[in-house]
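Here the protein sequences come in this chain order: A and B.
Residue numbers -15 to 266, in this note's numbering, belong to the letters of the first sequence in order.
Residue numbers 449 to 727, in this note's numbering, belong to the letters of the second sequence in order.
Be aware that a few hints might be false.
A few chain A residues facing chain B, derived, Cβ under 8 Å [claimed, not checked]:
{"hint": "1", "residue": "Lys18"}
{"hint": "2", "residue": "Pro60"}
{"hint": "3", "residue": "Asp70"}
{"hint": "4", "residue": "Pro77"}
{"hint": "5", "residue": "Trp122"}
{"hint": "6", "residue": "Phe227"}
Which bits of chain B does chain A cover? Going by a derived footprint, with three or more residues having C-beta under 8 Å, they are [stated by the list, open to error]:
{"hint": "7", "region": "497 to 508"}
{"hint": "8", "region": "658 to 667"}
Everything labelled a hint here was simulated from the structure, so no lab data went into it.
Where a beta carbon is used, it is the ideal one built from N, C-alpha and C, also for glycine.
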Amino acid sequence: MIVEREVILEVEALQKRYANGTLAIQEISIDIRKGEFASIVGPSGAGKTTLLKTICALLAPTSGKVSLHGTVIESPPPEMILVFQDYARSLFPWLTVIGNVIFPLKKRSDISKTEKESLCREAIKAVGLERFTNYYPWQLSGGMQQRVALARAIAFRPEILLLDEPFASVDALTRADLEDLTLQLRSDFNITMLLVTHDIDESVYLSDRVFVLSPPPSVVVAEVQVPLSQPREQVRTRSDAKFIELRNRIHGMIGKPKEQVLAEDEAHALGTAALEFNKTTS
Amino acid sequence: MSISTRAMAAQRQADLPAASIPQSQRTVKGTVLSIATVVIALLAWEVIARLKHSVYVPSVTQIAITFWHEWFSATFRDQAVPSLYRMFFGYIIAAVCGVTVGVIVGYYRFMFRLLDPVLQYWRATPATAIIPVGILLIGIGDEMKILVIAFGAVWPILINSADGARLVPRERLETARVFGLTSFETLRRVVVPSAMPQIAAGMRTGLAIAFILIVVSEMIGSTNGIGYYVLQAQRTFAIPEMYGGVILLAILGFTLNTVFVFVESKVLGWHYGQSARTR
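Work the whole structure out from these sequences, hints included.
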């Protein structure tokens, strides 16, 4: 069911040690394929934000490398845009919604002013804020502010969006709205998404693939495929037996060292096999 | 649907104070009270002055008449205009240097570490203390006053600009980097606007210091200017003239501050809107 698409982002043996000597990321290797929605889910303090910032070259890795289309990246590439958790700090309060969205496009000389404006209008419409273009961010609710941050990223037309717990600071209903909006944006604009979150349900709901992190120093303890049908729908998807099984499985892995997860997974596989065997023999 | 209703509610809330009637009534009442206080104070002065018959305390009417004759004449050109242009040039120099250097110092960490001891030293020095130094080095001409004003007013502007530039939220700077802004573009398009509230606070303090310095520097070493005029009037027993000069200074100070606040509210409307919302 899952078609193997070309790998566009490759993280190889990435290690990150903070300046104070703490090892945040032990070794992480992941591949992101074109058009997929991938999540990295891990406990609090697992260095998720650090990982994302290192992937987009805001931080330099201690060792290992990140390649985009086969080229190692050393400064934030325009094809990859990070959306921060704290919209109140990442939006510019002296600019209106349209001012914020057009901000990154201003410096580009390859497209005309009219084109820039139409890119912005399209992005603002896509997040449903077309009636609020002249509002300042602080005049909007938290969920709306995060929509502005998403619109700003979309208008820039990146290939990949990196989402750093973008829905963590909003209420549950807004969160569900934003999750569905993100899925919509992904299909409308054909963007590859990489989300980090501590919310297992969210990662399963949104993703095609989930990478589970160990506690720090982080390693990927498991890569879980999410074969849930598309499009996802809040109530239907979340009550699907497969969804519940996946979330429980990830729940069992999270916060555990890699050896234990591997051992348990093997036991689980053996158990399933034994069950299958019993079924066939009886 | 939920988005539009929420924002409309937010907007209604924002409009509320201005639109509601009790608020405007309160403002009218406040204005009446303020005027009453001034009138009562002036009347009290007038009564005391007339009862005491002291040369040192002329009556309000006498001061007002002198004020009219002195300041609505060539005296304004000869005494007030020099003060104003010295202050203007000194303040402009302070503002340009203070904001430029301050923002750069705040933005580049190593510059901040390098210059912080100097900044702390000047922050602690009373601005008036440099006037004798100024007279010693460059005499009592306009240059001395302009430089003394520039030198005195530059520190609060510089220190506040540096603080503003240093305390830009990290996410804002990282956002700029993610979108590929160069270091200079980030400085101009992110750091300076972010630091504007602190820059304005520094410029307001700088304006007050510039105003003090013009008066004191003219009192200590000058042949004209309002400060010179006030001190001369006192020394020659031109008492109503002395009071008139003090009143002119008060009026000028008030006007400068009002203009500053007005411009600030235009430039920093976003900041006040935001703080009002989060309070």
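Structure-based check of each hint:
The restraint placing Lys18(A) at the interface with chain B is violated, with a minimum CB-CB distance near 21 Å, outside the 8 Å limit. For Pro60(A), the shortest C-beta to C-beta distance to chain B is roughly 5 Å, which falls under 8 Å, so the interface hint holds. Checking Asp70(A) against chain B by beta carbon gives a least distance of about 6 Å; that is within 8 Å, so the hint holds. Satisfaction of the interface hint for Pro77(A) is found here, the shortest Cβ-Cβ separation to chain B being roughly 5 Å, below the 8 Å cut-off.
Nearest Cβ of chain B to the Cβ of Trp122(A): about 4 Å, under the 8 Å cut. The hint holds. Hint status for Phe227(A) relative to chain B: violated, with the closest Cβ pair at about 25 Å, above 8 Å. Coverage of a stretch by a chain is defined here by at least three residues with a beta carbon nearer than 8 Å to that chain's beta carbons; for the region 497 to 508 of chain B and chain A the count is 0, and the condition is violated. For a cut-off of 8 Å, the count of residues in the region 658 to 667 of chain B with a CB near a CB of chain A stands at 0, and the three-residue condition is violated.
The structure fails to meet hints 1, 6, 7 and 8 from the earlier list, while all remaining hints are met.
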